[in-house]
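Participant: Chains as they are written, first to last, in my numbering: chain A, 3 to 190; chain B, 19 to 209.
FYI, nobody ran anything at the bench for these hints, they're computed from the structure. Careful, some of the hints might be misleading.
[Said to hold, decoys possible] Some chain B residues near chain A, calculated using beta-carbon distances under 10 Å:
hint, residue
1, HIS46
2, ALA81
3, ASP159
4, ALA160
5, ASP188
Each residue gets a CB set at the ideal place from its N, CA and C atoms; glycine is no exception.
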Amino acid sequence: ALDPHIDKETMTIHHTKHHNTYVTNLNKAIEGSALAEKSVDELVADLNAVPEDIRTAVRNNGGGHANHSLFWTLLSPNGGGEPTGELAEEIKSTFGSFDQFKEKFAAAAAGRFGSGWAWLVVNNGKLEITSTPNQDSPLSEGKTPVLGLDVWEHAYYLNYQNRRPDYISAFWNVVNWDEVARLYSEAK
Amino acid sequence: MAFTLPPLPYPLDALAGHGISKEQIDFHYNKHHKGYVTKLNAAAEKTPELKEKTIEQLIKEKAPVFNLAAQIWNHTFYWNCMSPNGGGAPTGAIAEAINKDFGSFDKMKEEFSAAAAGHFGSGWAWLVKDGDKLKVHQTHDAGCPLADGLKPILTCDVWEHAFYIDYRNDKAAYVQSFWKTVNWDFVNSQL
Chain A
3 ALDPHIDKET MTIHHTKHHN TYVTNLNKAI EGSALAEKSV DELVADLNAV
53 PEDIRTAVRN NGGGHANHSL FWTLLSPNGG GEPTGELAEE IKSTFGSFDQ
103 FKEKFAAAAA GRFGSGWAWL VVNNGKLEIT STPNQDSPLS EGKTPVLGLD
153 VWEHAYYLNY QNRRPDYISA FWNVVNWDEV ARLYSEAK
Chain B
19 MAFTLPPLPY PLDALAGHGI SKEQIDFHYN KHHKGYVTKL NAAAEKTPEL
69 KEKTIEQLIK EKAPVFNLAA QIWNHTFYWN CMSPNGGGAP TGAIAEAINK
119 DFGSFDKMKE EFSAAAAGHF GSGWAWLVKD GDKLKVHQTH DAGCPLADGL
169 KPILTCDVWE HAFYIDYRND KAAYVQSFWK TVNWDFVNSQ L
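Can you build the whole structure from these sequences, using the hints too?
Facilitator: Spelled out as structure tokens, the structure:
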């Protein structure tokens with residue numbers, strides 16, 4: 003659905019292999035424990051509550067599951083364009099303009115060395131751009147993600163190879179701003 | 019230009035018979051490895067003192083120079099660890115050292131493969147010498163054993179760019195192919 007910006011083969015492997023593996027491994031890690039009652043967002047928001055012997059597995063695979071579950075909702079074949087309403091206002095007042103926001107977000111995405119994510123988060127009511135390594139979630143730092151971009155190489159290699167900046171540019175064409183706005187209004 | 023991209027020890031399609039395709043190596047060497055060299059030269063333009071140093075010396079620097087220098091070094095080492103005539107069982111001093119420190123080649127292969135396939139995110143699996151003992155070691159992102167006081171003996175790149183064209187998400191299958199390429203002569207020379 004997101005062709006040509008994010009190709010079908012990437013979406014298929016990304017969802018059915020990578021994301022699926024995080025779910026499988028998370029389930030394995032928390033099997034039989036009281037943690038199995040928590041939602042994945044609850045798990046990553048409070049990693050200290052996770053027993054040390056499985057904390058890394060939960061951080062990595064719980065993070066992977068939380069991040070990707072959110073990511074799919076933020077993409078749409080009808081996406082792109084610009085945000086409107088309160089979110090647009092807040093982006094403008096925080097970053098100067100929508101273009102300046104895109105520039106800063108793109109820089110965070112391109113600058114994340116190795117595997118990770120770029121994020122627009124709400125932190126204490128304010129919008130911030132940040133990035134996390136590996137599958138770490140902003141939720142673990144008490145920040146609420148409202149927009150995220152996966153910059154693990156598996157997210158773009160088939161179509162873009164090493165050209166991460168081209169992938170980042172294409173991403174703007176599929177951003178589901180309605181969902182971003184909804185998340186923002188809930189989080190602020 | 020202060021820093022140069024070392025030549026690949028073999029043609030781009032040399033490892034295709036062992037499961038690492040020409041396209042995979044072309045992107046890996048000509049885009050990623052070369053890209054690190056280009057970026058380091060750009061950094062050296064801005065900070066000329068960097069030009070006075072070798073790659074090994076720059077590995078002692080902090081990010082972002084560390085990332086570039088270490089990735090240049092790591093990739094050069096990686097290409098040398100592989101060969102179209104590679105694979106099979108180790109011979110010579112390395113074979114003895116592996117048997118002494120792991121019990122057998124199969125046991126070392128199992129441990130190394132688990133480290134490679136199991137590494138979370140970008141990184142490298144290594145066989146290193148720690149003092150007089152061979153060990154399996156993992157580094158994350160641009161991590162290089164030289165910075166940890168360890169002697170690199172063998173490496174496998176497990177950044178997704180190293181295998182995604184040929185293997186998609188199947189990192190374990192890539193690692194299996196890697197064993198078919200290992201240049202034990204080079205590995206012996208590093209001991």
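Participant: Tell me the hint numbers this structure goes against, listed in increasing order.
Facilitator: none
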